[in-house]
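The listed protein sequences derive, respectively, from chains A and B. Counting with the numbering used here, you get residues -17 to 200 for the letters of the first sequence. Counting with the numbering used here, you get residues 77 to 296 for the letters of the second sequence.
Treat the hints with care, since some could be wrong.
[Said to hold, decoys possible] The calculated lysine-lysine pairs, modelled on DSS-like cross-linking and capped at a C-alpha distance of 30 Å, are:
(1) K254/B to K80/A
(2) K194/A to K118/A
(3) K89/B to K254/B
(4) K146/B to K84/B
(5) K48/A to K92/A
(6) K196/B to K257/B
(7) K92/A to K254/B
(8) K89/B to K194/A
(9) K11/A to K118/A
(10) K118/A to K146/B
(11) K92/A to K257/B
(12) K229/B to K44/A
(13) K194/A to K48/A
(14) K254/B to K196/B
(15) K48/A to K229/B
(16) K118/A to K257/B
(17) K92/A to K80/A
(18) K118/A to K229/B
(19) K(-15)/A to K44/A
(20) K(-15)/A to K92/A
(21) K(-15)/A to K48/A
In case anyone wonders, no lab produced these hints; they're calculated from the structure. Values in this document were obtained by computation on a predicted structure and should not be read as measured data.
Residue-level listing of the chains:
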Amino acid sequence: MNKSWWKILAVVLVLFSIIGGFLFQVPAKPILNESIRNIHFHVPMWFAMIAMLAVSFVYSIKYLNKGNENDDLMAVESANVGIIFGILGLVTGMIWAKYTWGEPWSNDPKQNSSAIALLIYMAYLVLRNSMEEEQKRGKISSVYNVFAFPIMVVLLFVLPRMTDSLHPGNGGNPGFNTKDMAPELRPIFYPACLGWILISVWITTLRYRIRKQENLIS
Amino acid sequence: MTLFHQIKFLIRKEIMLEWRSRYALNGILLYVVSTVFVCYLSFREITNPPTWNALFWIIMLFASVNAITKSFMQESRGRHLYYYTITGPHAIIISKIIYNVLLMLLLSVIALGFYTLVFKNPVGDPLFYMLSVLLGSISFASVFTMISGIASKAGNGGSLMAILSFPVIIPLLLVLIKLSKNALDGLDRSVSLNEIAILLAINVIVITTSLLLFPYLWRD
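The following block holds chain A by itself, in its conformation from the complex (with noise of 0.2 Å):
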C-alpha cells in the first residue's frame, strides 16, 4: 500500500467524476432533471462508507485473534473515516431531497435506517472513550463492533426493502443496479465509485500512520 499510482489513480478518477458529473450529457428525467447528477456524488460516499466500516469490521475480527495493537487502530480509524463519509452520504442525501421530494428529511425508511447506523457507529467510540487501559478498550470495543456489524447490513440492506420507500432503488423505484441505470450515466458513475473508495482507503491509512508514530513518541 506504500506505492504511489492508486492514490494518483483515486486523484484522477474523482477529479473527472466531479468534472463529468457536472458537465457531461444527463438523460432528462422528469421530477429529477438535473439532480440525477447527485449520484455520482451521493452515492459514492455510501460506498466508501461501507467499504471502510467492513474493512473495521475485518481488522476487529483480527484484533481480537491475534491481539495486535495495531490491528485495533486500524478498525478504529476506518470507522472514524466511515462515519465521517456517513455523514456526508447524508447530507448530499438531503441536499438532493430537498430539491425533489421537497423537504431535507421527510421520515423516508432510508434515511432513518442510515441515521441509526451512524447512531451505531458513534456509541462505538463512545465506548472506546469511556475506557483508558489499552488492551481492555480494544477487546471490548472490537466485540461490540464485531456485534454491531451484522445488525447494521441488516437495518441498511433488508430492512428498507420492506417498507414503501422513495428511494431510489427501494419500494420498486429504480436504482443504480445494472438494468435500471441509463447507459450515459455508467461511465461516470463506475469510476466515482472506484475513486472515493480509493480515497477513503488513503485517509485511513494517512489516519492509522499518524497515529501509529504518536503511539511511538508517547
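Go by the hints and put chain B onto chain A.
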C-alpha cells in the same frame, strides 16, 4: 458435565439466586407497573391504536433495558473467576440468554396485562399480538444480554448500556412495532409472515455472534 447439564445448572442457579432475594424481580415489576401508571395518569385515555402500540413498546424497551442491565453487573469479579474454573463461556452466555428470555416473558405478560387493564384494549387479534410480544421478549433478551456483558466489562453501568443498546435494538423494534400493528388491526396472519421471518433471522444472527464473541469478552 456436558454443555447441556452446565446450562441447566446455571439457569437453576440464576433462578434460585433471584428467588432468594427477589429484589431485582420485584423491583423491575414495580418499575413496569409504575411506568404504566405514570403513562395512564398523563394520557388518561388513548384513542389512537398506533399510539397505544408505540407506547406499549416504549415501556417494554425501557423496562427490559433496566431488567437486563443487571444480568452481568450484579455478579462480583470473584464469582466470575469461580465460573471460569468450572464452566465454559458458552454455557454462561446461553444460560444468561435463556434466563433473560424467561424473565422478559414474565415481565412482558405482566406489563401487557396491566397495560390493557388501565388503557382500553383495541387489539384485533389478541393471540397474534401475544406472539409478537413473545418474539419481542426473545429479541430484547438476546440483544441486551450480550450488550450488558460489554457494558459491564467496560465498567461503566447504566448510561453506557443505553447508548450501546438503543441503536442496536431499533431495527428489531421497528419490525416488532410493524408486526404488532398488524395484529392490532386484525389483519390476516399471512400478511405478517415476512416480519416474523426477519425477526427470527435477526435473532439467529445475534445469538450466533454472541456465542462467537463472548469467549473473547469473558477472558480478562
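* Asked: When the hints from earlier in the document are held up against this structure, which numbers fail?
  -> 3, 5, 8, 9, 16 and 20
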